Amino acid sequence: MFALARLVVVGFFVLTIVYICLSLYSRSVRRDKLETEWREGGTEGANIEEFVQKGLEEYDGSLRRKLILGVYVIPIGIVSFIIYATNFM
Amino acid sequence: MGYIKWTFWITFWVLVASFFHYTLPQHDVARITDTYEKRIDFGENSLFWASADTGNAVTSVNRDVFFIQTRLSNDNVMVYRNEDTGWGWPPYFKFDTTNLQAEASDLKSVAETPQWVVIKHYGWRNEFMSIFPNAVSVRAVDDPNVRMIPWLNITF
Numbered sequence: 002m003f004a005l006a007r008l009v010v011v012g013f014f015v016l017t018i019v020y021i022c023l024s025l026y027s028r029s030v031r032r033d034k035l036e037t038e039w040r041e042g043g044t045e046g047a048n049i050e051e052f053v054q055k056g057l058e059e060y061d062g063s064l065r066r067k068l069i070l071g072v073y074v075i076p077i078g079i080v081s082f083i084i085y086a087t088n089f090m
Numbered sequence: 655m656g657y658i659k660w661t662f663w664i665t666f667w668v669l670v671a672s673f674f675h676y677t678l679p680q681h682d683v684a685r686i687t688d689t690y691e692k693r694i695d696f697g698e699n700s701l702f703w704a705s706a707d708t709g710n711a712v713t714s715v716n717r718d719v720f721f722i723q724t725r726l727s728n729d730n731v732m733v734y735r736n737e738d739t740g741w742g743w744p745p746y747f748k749f750d751t752t753n754l755q756a757e758a759s760d761l762k763s764v765a766e767t768p769q770w771v772v773i774k775h776y777g778w779r780n781e782f783m784s785i786f787p788n789a790v791s792v793r794a795v796d797d798p799n800v801r802m803i804p805w806l807n808i809t810f
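In order, the protein sequence lines correspond to chains A and B. Residues in the first sequence are numbered from 2 upward in steps of one, following the working numbering. Residues in the second sequence are numbered from 655 upward in steps of one, following the working numbering.
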């Protein structure tokens, strides 16, 4: 079972790095989109920092951000499927 | 100078291609003639052997390895090993080696009354280094001319 523990630890470490990078990237894309939206006008006269801040707070609670946790779920799903297909099919 | 760059890239892609050729699964149609176990001492070719059955000790320099002897549908012989890959590399997560050996034993046949099987395997057979492909699964088929589409290889 040591080999499994090793795989879990290394996998968790790698996936956490991927999750962090993906989260930061997604948030910066969201920030860019909010700034572009403000520049195009029609945002009720709020100034840019408040508009972007409010938009980011909405983003923080959104489904899209929670979906990034799929980075953990998908490899576990693939490995489980491989184990089932190789050993039990 | 251009030759060096060209040689480097060719070598690089040859290595990448051979890595994938070794690791991705291939299918052979064969007739299993015998299954046996042999003690192997790992020497220079130890890179091409997998690990002990999961749950057993991993520190031995020799251990018993299952083999499956076959005659391919093109009349060449081929010998496969049958080892756990466990949680390690390549990521086949193969734990059912002993079960597979039992299935292979059950499908033994003689030339007069052949029982054809499709063996999914990875790895290479190299007589000079005594390395064998690792059989991952066996499946009985009626006709040695089955058409097999390597879905995983294509998508990957």
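One thing to keep in mind: the hints can contain errors.
To be verified - Here are the simulated distance ranges between beta carbons:
{"hint": "1", "chain 1": "B", "residue 1": "S672", "chain 2": "A", "residue 2": "L16", "range": "45 to 55 Å"}
{"hint": "2", "chain 1": "A", "residue 1": "Y85", "chain 2": "B", "residue 2": "S672", "range": "55 to 65 Å"}
{"hint": "3", "chain 1": "A", "residue 1": "L16", "chain 2": "B", "residue 2": "P798", "range": "55 to 65 Å"}
{"hint": "4", "chain 1": "B", "residue 1": "Q769", "chain 2": "A", "residue 2": "R66", "range": "14 to 24 Å"}
Unchecked claim - Below, computed lysine to any residue pairings styled on SDA-like, alpha-carbon distance capped at 20 Å:
{"hint": "5", "chain 1": "A", "residue 1": "K34", "chain 2": "A", "residue 2": "D61"}
{"hint": "6", "chain 1": "B", "residue 1": "K692", "chain 2": "B", "residue 2": "F673"}
{"hint": "7", "chain 1": "A", "residue 1": "K34", "chain 2": "A", "residue 2": "L16"}
{"hint": "8", "chain 1": "B", "residue 1": "K774", "chain 2": "A", "residue 2": "C22"}
{"hint": "9", "chain 1": "B", "residue 1": "K774", "chain 2": "B", "residue 2": "D682"}
{"hint": "10", "chain 1": "B", "residue 1": "K774", "chain 2": "A", "residue 2": "A86"}
{"hint": "11", "chain 1": "B", "residue 1": "K659", "chain 2": "B", "residue 2": "K692"}
{"hint": "12", "chain 1": "A", "residue 1": "K34", "chain 2": "A", "residue 2": "C22"}
{"hint": "13", "chain 1": "A", "residue 1": "K67", "chain 2": "A", "residue 2": "I84"}
{"hint": "14", "chain 1": "A", "residue 1": "K67", "chain 2": "A", "residue 2": "L16"}
{"hint": "15", "chain 1": "B", "residue 1": "K774", "chain 2": "A", "residue 2": "V19"}
{"hint": "16", "chain 1": "B", "residue 1": "K774", "chain 2": "B", "residue 2": "F673"}
{"hint": "17", "chain 1": "B", "residue 1": "K774", "chain 2": "A", "residue 2": "A47"}
{"hint": "18", "chain 1": "A", "residue 1": "K55", "chain 2": "A", "residue 2": "E45"}
{"hint": "19", "chain 1": "B", "residue 1": "K692", "chain 2": "B", "residue 2": "N799"}
{"hint": "20", "chain 1": "B", "residue 1": "K774", "chain 2": "A", "residue 2": "N88"}
{"hint": "21", "chain 1": "B", "residue 1": "K774", "chain 2": "B", "residue 2": "D750"}
{"hint": "22", "chain 1": "B", "residue 1": "K774", "chain 2": "A", "residue 2": "I84"}
{"hint": "23", "chain 1": "B", "residue 1": "K762", "chain 2": "B", "residue 2": "P804"}
{"hint": "24", "chain 1": "B", "residue 1": "K692", "chain 2": "B", "residue 2": "V795"}
{"hint": "25", "chain 1": "A", "residue 1": "K34", "chain 2": "A", "residue 2": "I69"}
{"hint": "26", "chain 1": "B", "residue 1": "K762", "chain 2": "B", "residue 2": "F673"}
{"hint": "27", "chain 1": "B", "residue 1": "K774", "chain 2": "B", "residue 2": "G709"}
{"hint": "28", "chain 1": "A", "residue 1": "K55", "chain 2": "A", "residue 2": "I83"}
{"hint": "29", "chain 1": "B", "residue 1": "K774", "chain 2": "A", "residue 2": "F89"}
{"hint": "30", "chain 1": "B", "residue 1": "K659", "chain 2": "B", "residue 2": "T677"}
{"hint": "31", "chain 1": "B", "residue 1": "K774", "chain 2": "A", "residue 2": "L16"}
{"hint": "32", "chain 1": "A", "residue 1": "K55", "chain 2": "A", "residue 2": "G71"}
{"hint": "33", "chain 1": "B", "residue 1": "K774", "chain 2": "A", "residue 2": "V80"}
{"hint": "34", "chain 1": "B", "residue 1": "K774", "chain 2": "A", "residue 2": "M90"}
Hints are computed from structural coordinates only; laboratory data are not their basis. Remember, it's a predicted structure, so these values are computed and weren't measured experimentally. For glycine and all other residues, C-beta sits at the position ideal for the given N, C-alpha and C.
Tested hints:
no., hint, in the structure
1, S672(B) / L16(A): 45 to 55 Å, "violated (29 Å)"
2, Y85(A) / S672(B): 55 to 65 Å, "violated (29 Å)"
3, L16(A) / P798(B): 55 to 65 Å, "violated (44 Å)"
4, Q769(B) / R66(A): 14 to 24 Å, "violated (56 Å)"
5, K34(A) / D61(A), "holds (15 Å)"
6, K692(B) / F673(B), "violated (27 Å)"
7, K34(A) / L16(A), "violated (27 Å)"
8, K774(B) / C22(A), "violated (37 Å)"
9, K774(B) / D682(B), "holds (7 Å)"
10, K774(B) / A86(A), "holds (12 Å)"
11, K659(B) / K692(B), "violated (46 Å)"
12, K34(A) / C22(A), "holds (18 Å)"
13, K67(A) / I84(A), "violated (27 Å)"
14, K67(A) / L16(A), "holds (15 Å)"
15, K774(B) / V19(A), "violated (33 Å)"
16, K774(B) / F673(B), "holds (17 Å)"
17, K774(B) / A47(A), "violated (64 Å)"
18, K55(A) / E45(A), "holds (13 Å)"
19, K692(B) / N799(B), "violated (32 Å)"
20, K774(B) / N88(A), "holds (13 Å)"
21, K774(B) / D750(B), "holds (14 Å)"
22, K774(B) / I84(A), "holds (15 Å)"
23, K762(B) / P804(B), "violated (25 Å)"
24, K692(B) / V795(B), "violated (28 Å)"
25, K34(A) / I69(A), "holds (18 Å)"
26, K762(B) / F673(B), "violated (32 Å)"
27, K774(B) / G709(B), "violated (24 Å)"
28, K55(A) / I83(A), "violated (43 Å)"
29, K774(B) / F89(A), "holds (15 Å)"
30, K659(B) / T677(B), "violated (27 Å)"
31, K774(B) / L16(A), "violated (30 Å)"
32, K55(A) / G71(A), "violated (25 Å)"
33, K774(B) / V80(A), "holds (18 Å)"
34, K774(B) / M90(A), "holds (13 Å)"
Hint check: violations occur at hints 1, 2, 3, 4, 6, 7, 8, 11, 13, 15, 17, 19, 23, 24, 26, 27, 28, 30, 31, 32; the rest are consistent with the structure.
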